[in-house]
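Trainee: What follows is the residue order along each chain.
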Amino acid sequence: MLWDDPVTKGLAKSLDVAALRQKVVAQNIANLNTPGYKRSYVVFSEELARAREKLSLRLTHPRHIPAGEIAGEPQVKVERSTSRRSDGNNVDLDQEMLDLVTNQLHYNMLAQKISERYATWRYIINEGRG
Amino acid sequence: MELFTSFHISGSALTAEKLRVDTVASNLANMQTTRTAAGGPYRRKTVVFAERLARVRQAPPSFLGRGVRVAAVVEDPNPPRLEYDPEHPDADEEGFVAYPNIDLAKEMTDLITASRSYEANTTVINTAKSLYLKALEIGRG
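Just so you know, the sequences run in chain order C and P.
Going by this note's numbering, the first residue of the first sequence is number 1, and it counts up by one from there.
Going by this note's numbering, the first residue of the second sequence is number 1, and it counts up by one from there.
Don't read these hints as lab results, they were simulated from the structure.
Glycine residues also receive a C-beta, built at the ideal position from the N, C-alpha and C atoms.
Hints are not guaranteed to be accurate.
[Stated by the list, open to error] Over 12 Å on every C-beta distance to chain P, these chain C residues come out as not near it, computed from the model:
#1 K9
#2 S45
#3 H61
#4 H64
#5 S81
#6 S86
#7 E127
#8 R129
[What the hints assert, rightly or not] If you only want the chain P side, here are some residues facing chain C, beta carbon under 10 Å, derived:
#9 R20
#10 T23
#11 R140
[As the list claims (entries may be wrong)] Covered stretches of chain P (chain C as the covering partner; in silico rule of three or more C-beta atoms under 8 Å from a C-beta of chain C):
#12 7 to 19
#13 65 to 78
#14 115 to 126
#15 129 to 137
Pulled out of the complex, with its shape left as it was, chain C reads as follows (with noise of 0.2 Å):
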């Protein structure tokens, strides 16, 4: 089906990958100042490398481009083994800062690709008159 082709599912993928990390920088900068609270991170490009890897389409063609289905699921890791004051809290608001920022321009990035196959799609339902 058109509509749920690898892209785009990679696509809205990856946006839901985005917010989950809005929400774990959140958490990271409302608990700045909780004693012995350890910083959560999203690990996904590791797991979107391994599915890559996994799943690769049969190719009848050496110069066809190898393409493949995102499977991988983002994962929310703790950093434990960092302390940056004497309560034991580990987060650093620099870090979170940047990481919100990042993160921000890379969820405008994919919400903007996921509007440009909507107005493809749209383009060629209205047979190229816009």
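Given chain C's structure and the hints, the job is docking chain P onto it.
Mentor: What follows is chain P alone, placed relative to chain C:
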């Protein structure tokens, strides 16, 4: 996953940090208070934060963080500051008055940390808002 979790997370932090500012205000206002309902001089109060987690386990990707909560408001156990002032109505037999043991510099740094943390959380709320607005734009035009 709940839709506006990010707002709830940062909102809980705003509440918590606000309480910290209130506590500092109370400490500063009572720097010279020698009488309290519990008896004796005012004691410096500090808030203790704890991570707030969701009670229900959700389908993966599960993220249980739900912000921060104030676990307790504790009183400073340190002894009060004694000052010699025999004229004071609350002076003891030897003429010493017990004043709250409040360090102005400590309170001010606490105030600044709380206000900066509050700002950081408002930034997160604004970012979350912009993300949601961006999501609403999908498929438009």
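Trainee: Now look at each hint and say whether the structure bears it out.
Mentor: So, going through the hints one by one against the coordinates:
1. K9: About 15 Å separates K9 of chain C from the closest Cβ of chain P, which puts it past 12 Å; holds.
2. S45: 14 Å, holds
3. H61: 34 Å, holds
4. H64: 30 Å, holds
5. S81: 18 Å, holds
6. S86: Per Cβ check, S86 of chain C is outside 12 Å of chain P; nearest 15 Å; holds.
7. E127: 19 Å, holds
8. R129: 16 Å, holds
9. R20: 7 Å, holds
10. T23: Given a least distance of 12 Å, the restraint on T23 of chain P is violated.
11. R140: 7 Å, holds
12. 7 to 19: Holds, because 6 residues of the stretch 7 to 19 of chain P bring their Cβ atoms closer than 8 Å to Cβ atoms of chain C.
13. 65 to 78: holds (count 4)
14. 115 to 126: Our answer is that it holds, as 5 residues pass the Cβ test (under 8 Å) against chain C, meeting three.
15. 129 to 137: Held - the stretch 129 to 137 of chain P has 5 residues with a Cβ nearer than 8 Å to chain C, which meets the minimum of three.
Comparing the model with each numbered hint stated earlier shows that hint 10 is the single one that does not hold.
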